[in-house]
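Number of protein chains: 2
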Amino acid sequence: MQSSAVPRASQSALSVLPLAGIKRVKPGDDLAAEIVAALRRSGTSLRDGDVLVVTQKIVSKSEGRLVRLDKVKAGVRAASIAKELGKDPRVIELALQESRRVVRKGQGILITETHHGFVCANSGIDMSNVEKGYVALLPVDPDASARRLREAVERATRTHIAVIVTDTFGRPWRNGQTDVAIGCSGIEPTENLSGKKDPYGYVLRVTQPAVADEVAGAAELVMGKLSMVPVAIVRGVKYTRGESGAKGLILDPRLDLFR
Amino acid sequence: MQSSAVPRASQSALSVLPLAGIKRVKPGDDLAAEIVAALRRSGTSLRDGDVLVVTQKIVSKSEGRLVRLDKVKAGVRAASIAKELGKDPRVIELALQESRRVVRKGQGILITETHHGFVCANSGIDMSNVEKGYVALLPVDPDASARRLREAVERATRTHIAVIVTDTFGRPWRNGQTDVAIGCSGIEPTENLSGKKDPYGYVLRVTQPAVADEVAGAAELVMGKLSMVPVAIVRGVKYTRGESGAKGLILDPRLDLFR
Chain A
130 MQSSAVPRAS QSALSVLPLA GIKRVKPGDD LAAEIVAALR RSGTSLRDGD VLVVTQKIVS
190 KSEGRLVRLD KVKAGVRAAS IAKELGKDPR VIELALQESR RVVRKGQGIL ITETHHGFVC
250 ANSGIDMSNV EKGYVALLPV DPDASARRLR EAVERATRTH IAVIVTDTFG RPWRNGQTDV
310 AIGCSGIEPT ENLSGKKDPY GYVLRVTQPA VADEVAGAAE LVMGKLSMVP VAIVRGVKYT
370 RGESGAKGLI LDPRLDLFR
Chain B
130 MQSSAVPRAS QSALSVLPLA GIKRVKPGDD LAAEIVAALR RSGTSLRDGD VLVVTQKIVS
190 KSEGRLVRLD KVKAGVRAAS IAKELGKDPR VIELALQESR RVVRKGQGIL ITETHHGFVC
250 ANSGIDMSNV EKGYVALLPV DPDASARRLR EAVERATRTH IAVIVTDTFG RPWRNGQTDV
310 AIGCSGIEPT ENLSGKKDPY GYVLRVTQPA VADEVAGAAE LVMGKLSMVP VAIVRGVKYT
370 RGESGAKGLI LDPRLDLFR
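Line by line, the protein sequences give chains A and B.
Quick note on our numbering: the first sequence kicks off at 130 and runs consecutively.
Quick note on our numbering: the second sequence kicks off at 130 and runs consecutively.
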């Protein structure tokens, strides 16, 4: 072993714990109370520094962001796009309503930029893990949702934690989807390493790990899509406490080569 | 708690263990032997099903994929792009040599499609964690690298494991970078859930978690860029054994809306 410009960090293990026993969430439910109850039922105690990861779907449900599809009337533009893509015109209507603009369409896929600034399929609207006949929209302000959850869970458990609200996004050029952060509180979504030296003395320039997205993906590995585990605890993450929110993950449009 | 169409999965915890004590890797080093030695030194035993995550940089080094920059002569095209972007023309020359095509350039960034088919900055070439004056190129065939590592480590440890070779990629529309899989062996990079029913009875359509990328990101959380921890063990991942390789993560160009 050789000396290095940076002291060897005492990196320690990380664990990702699924939280079972969350019941089906309905509009108006107190999600924080439900999570605290599930923690107690499962005998799991939160610790300071834990990151509580919560899927968007149960946040949206508790906030009443559900729409009965048979109440939606598709406009002319939505009907035209739906026909082109072979999709339900009512879903396309909602996706347009929830977006600033269409980024791409084709291959049966509509990619939009949501009012928050996230670029994803159908403005994040989908029908999975929702009562039949309904779709779930993204929370209006997922960072605020994360903050409310964090504050309520911290009060109930007397801990200092972070909360990340996640959704499942596709990516250009790569098959499959990963879970990413759409809201966060108590954690800075990226770590900025620019200007720091690596062990060879090289000064890093653009290195900025998207910690919140990596935590979201790690949590997905224990949640799954089929198993009613919409909450996980990620323990042992090194992160900076802060309130930039997941909106801090949205790339400045002026710097964006893929708009 | 209610009944559901799919039995509640007995999801269990996942852990991510950094492997300390890997020494600086040089061209020609036997990386598998080095990892096995580090496992022994640290008192860590691999278990069947573990995913061994290895950063690209040490794989490239062991395979001699290092180039002395002062031996590189930039051509006319590289010089022109370098001037436009404010970059080292020799790095741009190598990035062009390692690519099929330029996907985007601007904002001081060159995005290429590598010969493997990965879309990333500078064809994955970079100067961090490399001896001064050198750059590291991506492995020629990262899936083959992963397979050789898996087979050698399995032989030495008498286990059945998976290996993922990772690199740090930026993403369109989002700040920061995440680690993703550029090579894998012993693990299918995505799980295909299409046709399966969620707990509400809804048949999932496009759901295909990119497990290998989520594992890569989880491993990054314990590795860091500054700490000489280029290997981690991810334990408790549910995955399908297979040899599609990370080339299975490359989206078919005919389906790609962002080429």
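Careful, some of the hints might be misleading.
Which copy is meant is left open, so a pair is good if it fits within one copy or across any two.
Capping the alpha-carbon separation at 30 angstroms, the derived lysine-lysine pairs in DSSO-like fashion look like this [as the list claims (entries may be wrong)]: (1) K376 <-> K212; (2) K367 <-> K202; (3) K155 <-> K326; (4) K261 <-> K326; (5) K234 <-> K367; (6) K152 <-> K212; (7) K325 <-> K216; (8) K234 <-> K155; (9) K234 <-> K152; (10) K212 <-> K367; (11) K234 <-> K216; (12) K367 <-> K200; (13) K212 <-> K155; (14) K234 <-> K376; (15) K325 <-> K152; (16) K367 <-> K216; (17) K325 <-> K234.
Quick caveat, the hints were computed from the structure, so don't treat them as lab data.
Hint by hint, here is what the structure shows:
1. K376 <-> K212: neither (33 angstroms within a copy, 33 angstroms between copies)
2. K367 <-> K202: Neither way: K367 and K202 sit 47 angstroms apart in one copy and 42 angstroms across, limit 30 angstroms.
3. K155 <-> K326: between (49 angstroms within a copy, 20 angstroms between copies)
4. K261 <-> K326: Between. Shortest inter-copy distance 12 angstroms satisfies the 30 angstroms Cα cut-off; intra-copy 53 angstroms does not.
5. K234 <-> K367: The answer is neither: 39 angstroms in one copy and 33 angstroms across copies each exceed 30 angstroms.
6. K152 <-> K212: Neither, since 37 angstroms and 58 angstroms both go past 30 angstroms.
7. K325 <-> K216: between (48 angstroms within a copy, 20 angstroms between copies)
8. K234 <-> K155: neither (33 angstroms within a copy, 47 angstroms between copies)
9. K234 <-> K152: For K234 and K152, neither the intra-copy (36 angstroms) nor the inter-copy (49 angstroms) Cα distance is at most 30 angstroms.
10. K212 <-> K367: neither (47 angstroms within a copy, 38 angstroms between copies)
11. K234 <-> K216: within (12 angstroms within a copy, 34 angstroms between copies)
12. K367 <-> K200: neither (46 angstroms within a copy, 40 angstroms between copies)
13. K212 <-> K155: neither (32 angstroms within a copy, 57 angstroms between copies)
14. K234 <-> K376: Cα proximity of K234 and K376: in one copy and across copies (24 angstroms, 25 angstroms).
15. K325 <-> K152: So K325 and K152 pass the 30 angstroms test across copies only (21 angstroms; inside, 45 angstroms).
16. K367 <-> K216: For K367 and K216, the Cα distance exceeds 30 angstroms both inside one copy (42 angstroms) and across copies (32 angstroms).
17. K325 <-> K234: between (41 angstroms within a copy, 26 angstroms between copies)
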